[in-house]
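Just so you know, the protein sequences line up as chains A and B, in that order. Numbering follows the numbering used here, in which position 227 of the first sequence is assigned residue number 437; successive positions increment by one, without gaps. Numbering follows the numbering used here, in which position 315 of the second sequence is assigned residue number 1230; successive positions increment by one, without gaps.
Hints are computed from structural coordinates only; laboratory data are not their basis. Misleading hints may appear alongside valid ones.
Which residues of chain B face chain A? A few of them, derived with a C-beta cut under 7 angstroms, are [claimed, not checked]: (1) T967; (2) R992; (3) Y997; (4) G1002; (5) T1005; (6) A1171; (7) A1174.
Ideal placement from N, C-alpha and C gives every residue a C-beta, glycine not left out.
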Amino acid sequence: MRFLSDTWVIFTRSMRLSLRNVVWLVIGITQPLLYLALFGPLLKRIVGLHGFPRGNSWQIFTPGLLVQLGIFGALFVGFNLIAELRAGVIERMRVTPASRMALLAGRVLRDVVVLAVQSMILLAAAFAFGLRAPIGGVILAVLLVAAVGAAFAAGSYAVALRTRTEEGMASVTNSLAVPLLLLSGILLPMTLAPGWLRFIANVNPVKHIVDAMRALFLGHVGSGTVGVGVLVGIALIVAGMTFGTRTFQRESE
Amino acid sequence: MIRARGLTKSYRTRAGTIEAVRGVDIDVAAGEVVGFLGPNGAGKTTTQRMLTTLLAPTSGEATVAGHDLRENPVQVRRHIGYVPQGGSTTPDAQVGEELVDHGRLCGLSSAESKLRGRRLISELDLDGTWERATQTLSGGQRRRLDIALGLINQPPLLFMDEPTAGLDPQARANLWRHIRRLRDDRGVTVFLTTHYLDEADALCDRILVIDHGEIVAHGTPEALKHEVSGDAVSLSLRDREDMAAAGAVLSAMPRAVLARAEGHALEFSLPDAGEALPELFAALDQAGVALAGIEVRRPTLDDVFLSLTGRALRDDPVNTPS
Chain A
211 MRFLSDTWVI
221 FTRSMRLSLR
231 NVVWLVIGIT
241 QPLLYLALFG
251 PLLKRIVGLH
261 GFPRGNSWQI
271 FTPGLLVQLG
281 IFGALFVGFN
291 LIAELRAGVI
301 ERMRVTPASR
311 MALLAGRVLR
321 DVVVLAVQSM
331 ILLAAAFAFG
341 LRAPIGGVIL
351 AVLLVAAVGA
361 AFAAGSYAVA
371 LRTRTEEGMA
381 SVTNSLAVPL
391 LLLSGILLPM
401 TLAPGWLRFI
411 ANVNPVKHIV
421 DAMRALFLGH
431 VGSGTVGVGV
441 LVGIALIVAG
451 MTFGTRTFQR
461 ESE
Chain B
916 MIRARGLTKS
926 YRTRAGTIEA
936 VRGVDIDVAA
946 GEVVGFLGPN
956 GAGKTTTQRM
966 LTTLLAPTSG
976 EATVAGHDLR
986 ENPVQVRRHI
996 GYVPQGGSTT
1006 PDAQVGEELV
1016 DHGRLCGLSS
1026 AESKLRGRRL
1036 ISELDLDGTW
1046 ERATQTLSGG
1056 QRRRLDIALG
1066 LINQPPLLFM
1076 DEPTAGLDPQ
1086 ARANLWRHIR
1096 RLRDDRGVTV
1106 FLTTHYLDEA
1116 DALCDRILVI
1126 DHGEIVAHGT
1136 PEALKHEVSG
1146 DAVSLSLRDR
1156 EDMAAAGAVL
1166 SAMPRAVLAR
1176 AEGHALEFSL
1186 PDAGEALPEL
1196 FAALDQAGVA
1206 LAGIEVRRPT
1216 LDDVFLSLTG
1226 RALRDDPVNT
1236 PS
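Based on the sequences and whatever the hints tell you, model everything.
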């Protein structure tokens, strides 16, 4: 299959270049640990406040961190693509018979693998800090965050191809990231929010992912919350990959 | 190798529609090195991007390397090589990795890519660079690597966008030698855009001149110089009083075009000056005009360009909209 072999070439190339970048490697590994170390201690005091979901504080906090790591890491991968665009690499690859979708999928696959490794590091550290959660739920939660990360990475590449400059890219991602973050309940659960804010937050797909992840960490695998989260995740990945592939296929102007 | 008819490209912007290319016909035969010459913004990069499948034409049709551009862009990509303007490699990647990965994207096996890559590296005088990061190569070496990448699928047709922009004179001359060898040793047809007239003159069998999105002239460099602008002749007279008489002699010669008359000197252009001069001398002699000196300059492509477009080509490579 042409698509698979092309995807593999792009994946191995991207991964090789990422691993060669020592700064990136160190940041990628320490970032999840920093989140835990600097943010976790704040949490113990808050849990037990009125309106806070039930569960061990790490069961509430870790899923939010995973989503933050995945989605907000993925949103910024497009910056790498702008560097490649500027170097003429993308143009060179587009004048080969390689599958357009593979040019995107290979890069997204690299991002998903990176995300999965970072999630493992974060989870291992969280267990050391005191997280206890059912393993099945945790595995499903990681799969969900990987899928959503893939969707956001694909979207990020599409935005990079369309804006073509770091400035344009930064304004799009920042204006997206901030409301998505604030209205997702990653930092503080939306159950604390007044009615009108909760209403707005319900439009935010990330909020449903976070809710589903928390339910999975509590072991509520068959719950409606998880079902909604999975559906939102599927919708996101279809939308992201469609947007991304369309953009890669489209003529560059 | 290339046959294009009525290619156009227009962009819609807030200010209105911009017609970047307005009906271009191109014919390139196998084994030619063809230069596509024009000032920045004339439409040469846009035209080349259409021919390399990077940009869909607004209208018109083209057959490139035996395949229809609109119907079968994937087959076109299979049979062409493309060397983009300003490089095509990742700074951190190694030379060998870039070649092998590119070969595999072209559908070759790993082993075949490696084999061809190594051969190209040595043909293009890049021995010993296989494991080096591309950012450690010199400008000229990196440009040759770009060419090696464009050749890995052994295309019969290679497109190059401003191949020597930004190179020092030595590296340019070296690259020209390599481009000539592509045609002589491998029989590759080369289609290159350039805004360097000396490059077009030194390298190309044939030149297409584009301006404002239309092809305004085409032919061999020699023919273009011959047709368009003739030789530049300047006469200096011994006696200022004779200027009027000399002017009258010149205006009696149908093909001489006076450019400047100042002080003792007359400058004019004259096609085939070598053959016309004896006649001119005789006429001047008869009119009693004594000459102090004469200078004949063969036209350059600069003269051609100036007379075709009314402006000189600029030397600074400002990026054209891509």
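Each hint tested on the structure:
With its C-beta approaching chain A no nearer than about 5 angstroms, T967 (chain B) sits inside the 7 angstroms limit, and its interface hint holds. Here the hint on R992 (chain B) is kept, as its CB sits about 5 angstroms from the closest CB of chain A, short of 7 angstroms. Below 7 angstroms, beta-carbon pairs count as interface contacts, and Y997 (chain B) has one with chain A at about 4 angstroms; its hint therefore holds. Hint status for G1002 (chain B): holds, given a least beta-carbon distance of 5 angstroms to chain A, under 7 angstroms.
The beta carbon of T1005 (chain B) comes within 6 angstroms of a beta carbon in chain A, closer than 7 angstroms, and the hint placing it at the interface holds. Of the supplied interface hints, the one on A1171 (chain B) is violated, with its beta-carbon coming no nearer than about 48 angstroms to a beta-carbon of chain A, more than 7 angstroms. Annotation: interface hint on A1174 (chain B) violated; nearest CB of chain A at approximately 43 angstroms, more than 7 angstroms.
Checked against the numbered hints above, the structure violates hints 6, 7; every other hint is satisfied.
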